[in-house]
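*Asks:* The task is simple: from the sequences and hints, build the whole structure.
Number of protein chains: 2
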Amino acid sequence: MSVATRREKEKLERRKSILIAARDLFYEKGYQMTTVEEIADAADVSKGTVYLYFTSKDELYVSAVLEGFQIVDDMMTEILATDMSTVEKGKAVFLAFVEYCMKNREYFRITQYFMSENARKNLPHALIESVSGHTARLLEHVAGLVEEGKRNGLIVDSLDPYAFALITWRTATGILDLAVVGESVGVPAGPYNELFEQAIELLVKGALK
Amino acid sequence: MSVATRREKEKLERRKSILIAARDLFYEKGYQMTTVEEIADAADVSKGTVYLYFTSKDELYVSAVLEGFQIVDDMMTEILATDMSTVEKGKAVFLAFVEYCMKNREYFRITQYFMSENARKNLPHALIESVSGHTARLLEHVAGLVEEGKRNGLIVDSLDPYAFALITWRTATGILDLAVVGESVGVPAGPYNELFEQAIELLVKGALK
DNA sequence: AGTACCCAATGACCACGGGTCAGTCTATAA
DNA sequence: TTATAGACTGACCCGTGGTCATTGGGTACT
Chain X
92 MSVATRREKE KLERRKSILI AARDLFYEKG YQMTTVEEIA DAADVSKGTV YLYFTSKDEL
152 YVSAVLEGFQ IVDDMMTEIL ATDMSTVEKG KAVFLAFVEY CMKNREYFRI TQYFMSENAR
212 KNLPHALIES VSGHTARLLE HVAGLVEEGK RNGLIVDSLD PYAFALITWR TATGILDLAV
272 VGESVGVPAG PYNELFEQAI ELLVKGALK
Chain Z
92 MSVATRREKE KLERRKSILI AARDLFYEKG YQMTTVEEIA DAADVSKGTV YLYFTSKDEL
152 YVSAVLEGFQ IVDDMMTEIL ATDMSTVEKG KAVFLAFVEY CMKNREYFRI TQYFMSENAR
212 KNLPHALIES VSGHTARLLE HVAGLVEEGK RNGLIVDSLD PYAFALITWR TATGILDLAV
272 VGESVGVPAG PYNELFEQAI ELLVKGALK
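Those protein sequences? They're chains X and Z, same order as listed. So this note's numbering is basically just the index in the first sequence, starting at one, shifted up by 91. So this note's numbering is basically just the index in the second sequence, starting at one, shifted up by 91.
Since the hints were made in silico from the structure, they are not lab data. Here the structure is a predicted model, which is why all the values come from computation and not from measurement. A couple of the hints might just be wrong.
Each pair may be met inside one copy or between any two copies, as identical chains are not told apart.
Said to hold, decoys possible - With a cut-off of at most 27 Å between alpha-carbon atoms, the simulated DSS-like pairs for lysine-lysine come out as follows: (1) Lys100 - Lys296; (2) Lys107 - Lys182; (3) Lys138 - Lys296; (4) Lys182 - Lys138; (5) Lys148 - Lys120; (6) Lys107 - Lys212; (7) Lys212 - Lys100; (8) Lys300 - Lys182.
*Replies:* As structure tokens, this is what we get:
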């Protein structure tokens, strides 16, 4: 192994260790409460070094939580491959997404954060592509199910698959927003699981003939 | 008029002028992009004076945008008082809320922001009460409609009015989040009005017998 | 009129956190 | 042994939210 390749490898190691330190801190304390200095300390490097590998705290944040995207995608693909009915699959996909987000708040926050003007201005293209692609796939999964349902004559003909996917996705994120930030707003902390089930039930019933 | 009362009045004037300057700037440039210094300048006072009337930028923000709450409440009350059918009223309430939020992004951002850990920690009780109360009324309006629908035998008996209200509300905010922050995420900027209509259509159909 | 006093208003100042960069240190190459 | 590359450092910069000792102008009392 040449010196150059070894150096390359070491750099990847460094990068990774910073990423891991960052991810742990973000998951533990959230974005706002985590300082770049802390991340540097946890990764046993100086703050300057962090900026050698990442251009901003934002980029670091998104990069650190990115792995969740693949996990969600895999879960969905797995569900779609089963021999459940179309409707069952739809509900399962919805609930799997929701459950993952409930268990990994920072992952969810990323997907939300990503839509702020802020995020999209200062983030490298590759990251934006990555998140956009993930969202698009997520929507396509659901839209695909709607089309399947229409072929089987289960679903109202006038329903636009993509619109349904969008609405369903945003219903999920809307309730998640409420759930993830805690009881808040005087809304009873209540059994969110139940709420999610009722939501997808409503939407599915609305889509069926 | 005693000196004391005149002083009192002048203080209210000051407070109000700061509030107006703040509101204008927040609506124009958003929360992050507006500095307290700018607000002070616009209100022809010093930064210190701003903190004489408000304890934090957060409180100032919420206070400045608060008037929107009454407006939304009035719109809803007005709709509920008409002789439209229950279903019509439900759709109208949903769309009125959505339309107001689309036209007053900062108002919407407030309602969203209010759910962050951050906001609830450092805000005076009175403000929290105010926002909580507003949200609660909003939900009660919708829940009331569901009950009306159930009495008329239009709506599925098993449907929990409060749950339906919550889900509908969060569907609205979920899509709004997407719409208000711009096209983002590769989702076509598209005709959001249409999306909102399809959403409430789906939810209502899901609720009907 | 003169003086004491009150209190709103001020703006210099602080703390803190994201981001920078001139300089150092180390490992390889000559 | 020395020269070079480039990874790493941490003191420093700057913007911004928030503070507080000081000021100034109006009021009331003598």
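*Asks:* Now tell me if each hint is right for this structure.
*Replies:* Hints versus structure:
1. Lys100 - Lys296: neither (53 Å within a copy, 57 Å between copies)
2. Lys107 - Lys182: neither (36 Å within a copy, 51 Å between copies)
3. Lys138 - Lys296: neither (53 Å within a copy, 55 Å between copies)
4. Lys182 - Lys138: Neither: 45 Å inside a chain and 53 Å across chains, both beyond 27 Å.
5. Lys148 - Lys120: both (14 Å within a copy, 23 Å between copies)
6. Lys107 - Lys212: within (25 Å within a copy, 35 Å between copies)
7. Lys212 - Lys100: neither (30 Å within a copy, 45 Å between copies)
8. Lys300 - Lys182: both (17 Å within a copy, 21 Å between copies)
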